[in-house]
Structure formats: C-alpha cells, structure tokens
Amino acid sequence: MTLNSTLEGKIAFITGGTRGIGWATAKLFACKGATIILNSISDESVLHARVEELQTKFGVKCDSFSYDVGDREAVKECYAAIFKRFKRLDILVNNAGVLNSSLLGMITSENIDHTINTNVKGMLYNMQSASRLMTRNHSGSIINLSSIMGRFGAEGQTVYAGSKAAVIGMSCSAAKELAAQNIRVNVVAPGFIDTEMANEIPPEKFQERIESIKMNRIGTPDEVANVIYFFASDLSTYVTGQVLGVDGGMVI
Amino acid sequence: MDNSQQLKEAFSKSLELDIKDITDDLAYSVNKQWDSIRHMNLVAEIEDLFDIMMDTEDIIDMSSFAKTKEILGKYDVKFDT
Numbered sequence: 001m002t003l004n005s006t007l008e009g010k011i012a013f014i015t016g017g018t019r020g021i022g023w024a025t026a027k028l029f030a031c032k033g034a035t036i037i038l039n040s041i042s043d044e045s046v047l048h049a050r051v052e053e054l055q056t057k058f059g060v061k062c063d064s065f066s067y068d069v070g071d072r073e074a075v076k077e078c079y080a081a082i083f084k085r086f087k088r089l090d091i092l093v094n095n096a097g098v099l100n101s102s103l104l105g106m107i108t109s110e111n112i113d114h115t116i117n118t119n120v121k122g123m124l125y126n127m128q129s130a131s132r133l134m135t136r137n138h139s140g141s142i143i144n145l146s147s148i149m150g151r152f153g154a155e156g157q158t159v160y161a162g163s164k165a166a167v168i169g170m171s172c173s174a175a176k177e178l179a180a181q182n183i184r185v186n187v188v189a190p191g192f193i194d195t196e197m198a199n200e201i202p203p204e205k206f207q208e209r210i211e212s213i214k215m216n217r218i219g220t221p222d223e224v225a226n227v228i229y230f231f232a233s234d235l236s237t238y239v240t241g242q243v244l245g246v247d248g249g250m251v252i
Numbered sequence: 001m002d003n004s005q006q007l008k009e010a011f012s013k014s015l016e017l018d019i020k021d022i023t024d025d026l027a028y029s030v031n032k033q034w035d036s037i038r039h040m041n042l043v044a045e046i047e048d049l050f051d052i053m054m055d056t057e058d059i060i061d062m063s064s065f066a067k068t069k070e071i072l073g074k075y076d077v078k079f080d081t
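Chains as they are written, first to last, in this note's numbering: chain Z, 1 to 252; chain W, 1 to 81.
In short, the hints are calculated from the structure, not lab data.
Please note: incorrect hints may appear among the correct ones.
As a list, the in silico SDA-like pairs of lysine to any residue whose alpha-carbon atoms are at most 25 Å apart [to be verified]:
1) W:K13 <-> W:T23
2) Z:K76 <-> W:E57
3) Z:K84 <-> W:A44
4) Z:K27 <-> Z:P221
5) Z:K84 <-> W:T23
6) Z:K176 <-> Z:R132
For clarity, every value in this text was computed on a predicted model and none was experimentally measured.
Work the whole structure out from these sequences, hints included.
Right, dumping it as structure tokens:
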C-alpha cells in the first residue's frame, strides 16, 4: 500500500496565514505541493509579500484574501471568489485568532466581542462556507486551531479559554455532521509556542510557563504545522472529531 | 434539456425520489426523503449544476421545489413559466 502524503492537487485555505503557526503551515503545505490561499487582516503588502515568497520558493499557485474572519459578509464573498477561481476546496486551516489577557473582574465588553467574533464566529463562518465547497466533492479536511487553554483554562484567560473551548465543541459537532460527506474535522490544541503571542507575556511568566512543560522548552510553529499537516493529508483519512495537543507534555 | 428539467433531475438524484414525484408542491421535511442531510446534498447538486454559490439565507428558505425555482431566479437561473 502506498500512502499519498503529498498535497499535490489540493487547494488549501489558511486563515491568519501570514505569521506564526499559519505561516509555518503555509510553507509546509506549499513544500508538499498544495495550492495555497492565504487570509490575513494585516497590512495587504505583507500578505502579498507572503504570496510572492511561496510562489518563488516553492513554485506553487497562490492567492490571498484580506478580510476580518469575523465579518460574515466578507467571508461569504471570499468563498464565492474561491469557488469562481478554483471550483473546489480540499483543506481549511482555521487558524486566525486573537488573545486579549484580562483577569475576570477586568474583562471589557470590547474584549469579549472582539475575541468571540474572531475566535468563535470567525471559525464558524469559515467552517460553514468551506464545508459547502467540500460537500460538492464529498471530501475535505478542516483543521481548527484551539489551545491548551481551551481544555484546561489559565489565569487571566477566561475569554480566550472560553472561545477556544467553543472551538472544540463546534468541531466535534461539525465532525459528526460532516463525516457522512467524507469531510473530516479535527482540532489542534497548541501549548506554549514561539509566536508573537507568546513573546508578549512578561519574562517571569514566560519562565514559569517553560517550567510547566515536561520537555522543558517552548514549541516552534513548525512543530504545530507538522501536526496540522497530518490532519490535512491522506495520512489521517480515518481520523475525525479529535483534539490533539501539541504542548511538549505541558498537560499529561 | 431546459433548466426546469435539469432541476427536477437534481432533486430526484439528491432526494432519491422518482422524477414524477418532483412537483412544485414538493416540500422540505413534509416529504420524508427531503431531510436536512439530503437538503445539503441538494444544495451542492444545484450549485454544481448552475455554477453558483447560494447565500445561507437562501439555503434556509429553500422550502419547496417552487420556492427553489423562485430563489434561483436571484442567481439568473431562468425557468419557463
């Protein structure tokens, strides 16, 4: 039996794709031959530079859409455009997310709305539209990014942890609903990963986190991308509705 | 084959109904074959057939064969009256 572990011929859409885990995933997928569609809300020039880099380095087709994943109309327009340009979608990596730390008594309405709009509604809108494109081909893989905090919580992260727990619930439901269409939905729950988000925390907290990790080091975006790739590829054709932690043994 | 006949065939295939049972009053959830799972298959079939992508609100409103034709008018799919 030969395993097809490349992504050649596959169309992959990665939200929040210009930095951190999203960008590491985009590079890995491009290296494996997928056509890459990137989304980001950041500066369009950054998005275009990323697209150019993928095309030059890996010789793959690449496209991009700059929009806020929490904007339902923008999501609809994006998927209509994907449909027009590519006629199909094989992989969605629902990665875009925000983290705003606040202790319970100091959480603002703006923080709640912004976090829920991006991390919960945004993920739901993208799953909804992606699954419709995937239904046409009776196949597809959706990988939703949660967090170790979505499973176990953390001080100062009530809103973020709540939004990431919602990702797990939504994903399990969608996995049950879409399995009959041969569309798989899985969750990757990173622990402490070397991204801009991690570098924003104070040095003493940073050290505290490292000490809580059994492998005694921070993870890299590439290590998370490898797990996302597993779920995206044919290596996991019989796996759906699973939550896989990538946390160096932070929680065992 | 005209659009009406093509649409009937899409319904017949997706809902696993005989083509003669596809009439204007065929309604979602009234006919047991037209359940929520088959509804989404039907949407995919229709979108493929007419090369369109429907809004979620229109998918929810697609409650009968007649209503489906009306909704498809918004996407420039014409039916003989």
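When the hints from earlier in the document are held up against this structure, which numbers fail?
5
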